[in-house]
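Protein chains in written order, with the numbering used here: chain A, 24 to 372; chain B, 4 to 308; chain C, 3 to 304.
Be aware that a few hints might be false.
Stated by the list, open to error - Listed next, the in silico SDA-like pairs over lysine to any residue satisfying Cα-Cα at most 20 angstroms (straight line):
{"id": "1", "chain 1": "A", "residue 1": "44", "chain 2": "A", "residue 2": "92"}
{"id": "2", "chain 1": "A", "residue 1": "97", "chain 2": "B", "residue 2": "131"}
{"id": "3", "chain 1": "B", "residue 1": "10", "chain 2": "C", "residue 2": "136"}
{"id": "4", "chain 1": "A", "residue 1": "44", "chain 2": "A", "residue 2": "341"}
{"id": "5", "chain 1": "B", "residue 1": "10", "chain 2": "C", "residue 2": "142"}
{"id": "6", "chain 1": "B", "residue 1": "223", "chain 2": "A", "residue 2": "156"}
{"id": "7", "chain 1": "C", "residue 1": "262", "chain 2": "B", "residue 2": "168"}
{"id": "8", "chain 1": "A", "residue 1": "319", "chain 2": "A", "residue 2": "56"}
{"id": "9", "chain 1": "B", "residue 1": "125", "chain 2": "B", "residue 2": "199"}
{"id": "10", "chain 1": "A", "residue 1": "44", "chain 2": "A", "residue 2": "69"}
{"id": "11", "chain 1": "A", "residue 1": "319", "chain 2": "A", "residue 2": "61"}
{"id": "12", "chain 1": "B", "residue 1": "223", "chain 2": "A", "residue 2": "154"}
{"id": "13", "chain 1": "B", "residue 1": "10", "chain 2": "C", "residue 2": "138"}
{"id": "14", "chain 1": "A", "residue 1": "44", "chain 2": "A", "residue 2": "68"}
{"id": "15", "chain 1": "C", "residue 1": "262", "chain 2": "B", "residue 2": "156"}
{"id": "16", "chain 1": "B", "residue 1": "125", "chain 2": "B", "residue 2": "207"}
{"id": "17", "chain 1": "A", "residue 1": "97", "chain 2": "B", "residue 2": "126"}
{"id": "18", "chain 1": "C", "residue 1": "262", "chain 2": "B", "residue 2": "253"}
{"id": "19", "chain 1": "B", "residue 1": "10", "chain 2": "C", "residue 2": "134"}
{"id": "20", "chain 1": "A", "residue 1": "319", "chain 2": "A", "residue 2": "51"}
{"id": "21", "chain 1": "C", "residue 1": "262", "chain 2": "B", "residue 2": "164"}
{"id": "22", "chain 1": "B", "residue 1": "10", "chain 2": "B", "residue 2": "285"}
{"id": "23", "chain 1": "B", "residue 1": "223", "chain 2": "A", "residue 2": "143"}
{"id": "24", "chain 1": "B", "residue 1": "10", "chain 2": "B", "residue 2": "297"}
{"id": "25", "chain 1": "C", "residue 1": "262", "chain 2": "B", "residue 2": "153"}
{"id": "26", "chain 1": "A", "residue 1": "97", "chain 2": "A", "residue 2": "113"}
To be clear, the hints were calculated from the coordinates, so they are not data collected in a lab.
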Amino acid sequence: MSNPSSAERSTAPASPLLTVKQLRVDLPIAKGTLHAVRGIDFHVERGEMLCLVGESGCGKSMTSLALMGLLPRKAQVNADCLNFDGVDLLTVSERERSNLRGARMAMIFQEPMTALNPAYTLGNQLCEALRRHQRVSRKAAHDRALYLLERVGISAAEERMRQYPHQLSGGLRQRVMIAMALMCEPDLIIADEPTTALDVTIQAQILHLLRDLQQEFGTAVIFITHDLGVVARIADRVAVMYAGEVIETASAQSLFQAPSHPYTQGLLRCIPTPGKTLPGSRLQAIPGVVPNLVEKVDGCAFCNRCDQADALCHTTPPLQTVADRHLSRCHFAHQLSNPAQLNTQEVTL
Amino acid sequence: MRAFVFKRTLIALSVAFTISVLCFSLLQLSGDLALSIGGPEATAEQVEQIRVEYGLDRPVLEQFTTWLWGAVQLDFGRSYYYQSDVMDLVVERLPVTMTLGIMSLAIALGVSIPLGVVAALKRGSWIDRMAMAIAVTGQAMPNFWFGLTLIIVFAVKLQWFPAAGSDSWQGFVLPAIALGYYATPAMMRLTRSGMLEVLEADYIRTARAKGLRTGTVIFKHALRNAVIPVVALAAVELGFMLGGSVVIETVFSLRGLGQLAWNAISRNDYPVVQAIVLIIALFYIVLTLLADILNAVLDPRLRAR
Amino acid sequence: MAHTLSPPVAAEQHLVGSWQSRFLRSTLNNRSLAIGLLIITTLGVVALLAPWLAPHAPYLQDTANRMVPPIWHETGSWTHPLGTDRLGRDYLSRLIYGSRISLFIGLVVALISGLIGTTLGVLAGYFGGRVDAVVSYLLTTRLAMPVVLVALAMASLMGGSMLSVTLLLGLLLWDRFAVVARSATQQLRDAEYVQAAQALGCPLPYILLREVLPNIAGALIVVATLEVANAILLEATLSFLGMGVQPPSPSWGLMIAEGKAYMFFQPWVITIPGSALFILVLAINLLGDGLRDLSAPGGRNE
Chain A
24 MSNPSSAERS TAPASPLLTV KQLRVDLPIA KGTLHAVRGI DFHVERGEML
74 CLVGESGCGK SMTSLALMGL LPRKAQVNAD CLNFDGVDLL TVSERERSNL
124 RGARMAMIFQ EPMTALNPAY TLGNQLCEAL RRHQRVSRKA AHDRALYLLE
174 RVGISAAEER MRQYPHQLSG GLRQRVMIAM ALMCEPDLII ADEPTTALDV
224 TIQAQILHLL RDLQQEFGTA VIFITHDLGV VARIADRVAV MYAGEVIETA
274 SAQSLFQAPS HPYTQGLLRC IPTPGKTLPG SRLQAIPGVV PNLVEKVDGC
324 AFCNRCDQAD ALCHTTPPLQ TVADRHLSRC HFAHQLSNPA QLNTQEVTL
Chain B
4 MRAFVFKRTL IALSVAFTIS VLCFSLLQLS GDLALSIGGP EATAEQVEQI
54 RVEYGLDRPV LEQFTTWLWG AVQLDFGRSY YYQSDVMDLV VERLPVTMTL
104 GIMSLAIALG VSIPLGVVAA LKRGSWIDRM AMAIAVTGQA MPNFWFGLTL
154 IIVFAVKLQW FPAAGSDSWQ GFVLPAIALG YYATPAMMRL TRSGMLEVLE
204 ADYIRTARAK GLRTGTVIFK HALRNAVIPV VALAAVELGF MLGGSVVIET
254 VFSLRGLGQL AWNAISRNDY PVVQAIVLII ALFYIVLTLL ADILNAVLDP
304 RLRAR
Chain C
3 MAHTLSPPVA AEQHLVGSWQ SRFLRSTLNN RSLAIGLLII TTLGVVALLA
53 PWLAPHAPYL QDTANRMVPP IWHETGSWTH PLGTDRLGRD YLSRLIYGSR
103 ISLFIGLVVA LISGLIGTTL GVLAGYFGGR VDAVVSYLLT TRLAMPVVLV
153 ALAMASLMGG SMLSVTLLLG LLLWDRFAVV ARSATQQLRD AEYVQAAQAL
203 GCPLPYILLR EVLPNIAGAL IVVATLEVAN AILLEATLSF LGMGVQPPSP
253 SWGLMIAEGK AYMFFQPWVI TIPGSALFIL VLAINLLGDG LRDLSAPGGR
303 NE
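Just need the whole structure built from these sequences, with the hints factored in.
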């Protein structure tokens, strides 16, 4: 779970690969405007695996599409800062944006069965990803595709290149998607729930694969998921989203050891723990429902479901630092995280 | 694949057989053919002579089998009117009709596919509305009237194209427009709805995520999939056009199969009529088979069957 | 708390009210349906009231006043607002009476072909198996035939007349009815209410007429409008070629044929009946589109 280059990072402060400040995404719909993302802050360091966790509808997919610039035209994207390796994504032209996509930032989607064009061979679609951005010969592109297919664990790669998507299973297709994302050696890969649609056994394989590739190629990855189990396995850092906001960010270790937001705590409580949870006892759930984001949300979005809530929660809670690089958007964040842990987590840079 | 083609060929042949039976029986219902060939002036002797000469005195079944046997060898007998073999007449006229059909199809495709693509891309815009208006009005005009109007406007008033005749390629332009426009609305709508559907697909999002240029996404990825049913429809429409060439060839005085059929009908020259109906039916059957094959060629997912 | 759950979405507006008021509202909302219905009703009324609306008798020849141009030309006059033809017959009156021919043939042909096609289609869809195979074969054969040619040939055999045209087209244009009826029935075949009727031992005609037919009627009506338009165009084509309605009947197609010789210098002789045909068929197509939107909103991927 630890970032191998954390030692290097602690000596020289490098600027993050991706900086997001107050990102807002509004979607005009029939009944008004859906405030899908309501001002989120996070960043991604080079080469690190950031997990974006949240339940359905919390805005994590919207965030990823906004970063890639793939939202429909009627969506309104605003931010104080949306910076990718020095490029201001807010002001850049669509042409330059398309130059970035695939080459510097790539995306893997949730449903592999429909993500590939049924009319073209895999080889065609793989090579196209490379030749769009780099001047390479057909042979060079072909060789790179072969190499990556093998690297993602697909045997008989040469034959697969000539096959069509419908001839492959979901797990294999997702591996092809990963290979395709890597064709141009991007600095950042956004993986939007890439294992959700796969069998559990395949899930584990793909997760390991992603983790290995990420460390080998030094690619930063934003891994979007709703599954805390996945987070525990692969994340370096975690950002928890709820109702269009990031309500807690921390290193994975810090998050699991000292969750500092009632929502995160609730999520962790929901997971039955062998040894701790009594067999036959009721599964825990967080009572209540997610607020409607079409209407304006005042104050803390979670307070109607929170057992710690009081009058203070009518005002929007500020982002509190409860530990080194551990932030939580709750008025009671400090009380929630273990005071003892708080001291030992202080790391001097 | 081979079994599929074989089965379809079998069906095709039996359909062709059925049609020829139908044609033949209808002719028998028309009364005394020898009389109508001879005309009102003929004497009883002449009529009898005609009867023997054309084999009309033989039992019906024998007439039919004789004809069928000849048809299989591409010998459709002799024309009552033209004093030559039906097959010769057909072969002489076929190129004109084929040219007309293919040109009409080309014009129809050339208009409907781009229009459908643009209408889908700019959905709700004035282009989209104009395209739908063209679709709706196109299907409402009788093609002979449209043809005549084209002649008045382009041949007489503007003098851009000749009003009749098949000597030069210009003589085919107006007829091709008159024949082709009727197929345009259906193909345009199909292209448009196909594009709208395909553009929502996940693989288009993947293509954009790879940073592909807009043109590549639209043409290489989207249109390639959206156009599959349109191509299949185009093959079938060509069959319809060949059948509908009667009117257009008559209006524009083109020496094609349609005009030959029309003349034959008005002169009771039934061997010719029978042969042309059968030939056009066969063309249609072949074209529908071609449409299915094209479908399988263009959509790799269908090839497993 | 400010953030409540979203208020329950108001019940779908269009389901409120009696079916008559719903229909009226749907019609007014649906432009093509409204326009189509308006034009067709107008033409229907005109056709019915022809003897009272037409200024002259349609067959009355007046050789002294041949080829008088319509009112928008300099030499036109209000006696003959749309001019006269080569035999001096008033064009407006012939146009009005011609609407009777088109509408009558269109409706009767759709009726006949609808009966044939629906019967074949429902039987094929309901029974499947060999019945389906036979009907499908008939369909393929019929589709392979070049309709115009066959109609022409048969018309020349039977002699052109309103009756022969109607019968002929009715016997030829059933294919789309059969296709739609067949696929719609296939979808219903395993429906619970059909199975219930079968379990109750209801006789077959009852099941088909009372359970199946009403539920496929929607799709069939849409097809019917298309076929009316088709029949009208085909009758015009046949009459234009001389094998349809015979002179002196004022069939619009025939009027175009008769005017063809003069069209270069007096284009209105063909423009007027042609436009009439165009407007009528356009209205029917709009009606069909509107009906289709009613029964399957969003089905056209608009």
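Structure-based check of each hint:
no., hint, in the structure
1, A:44 <-> A:92, "holds, 16 angstroms"
2, A:97 <-> B:131, "holds, 19 angstroms"
3, B:10 <-> C:136, "holds, 16 angstroms"
4, A:44 <-> A:341, "holds, 14 angstroms"
5, B:10 <-> C:142, "holds, 14 angstroms"
6, B:223 <-> A:156, "holds, 17 angstroms"
7, C:262 <-> B:168, "holds, 17 angstroms"
8, A:319 <-> A:56, "holds, 10 angstroms"
9, B:125 <-> B:199, "holds, 10 angstroms"
10, A:44 <-> A:69, "holds, 17 angstroms"
11, A:319 <-> A:61, "holds, 10 angstroms"
12, B:223 <-> A:154, "holds, 15 angstroms"
13, B:10 <-> C:138, "holds, 15 angstroms"
14, A:44 <-> A:68, "holds, 15 angstroms"
15, C:262 <-> B:156, "holds, 14 angstroms"
16, B:125 <-> B:207, "holds, 17 angstroms"
17, A:97 <-> B:126, "holds, 14 angstroms"
18, C:262 <-> B:253, "holds, 12 angstroms"
19, B:10 <-> C:134, "holds, 17 angstroms"
20, A:319 <-> A:51, "holds, 14 angstroms"
21, C:262 <-> B:164, "holds, 19 angstroms"
22, B:10 <-> B:285, "holds, 16 angstroms"
23, B:223 <-> A:143, "holds, 10 angstroms"
24, B:10 <-> B:297, "holds, 17 angstroms"
25, C:262 <-> B:153, "holds, 13 angstroms"
26, A:97 <-> A:113, "holds, 16 angstroms"
Hint violations for this structure: none, all hints satisfied.
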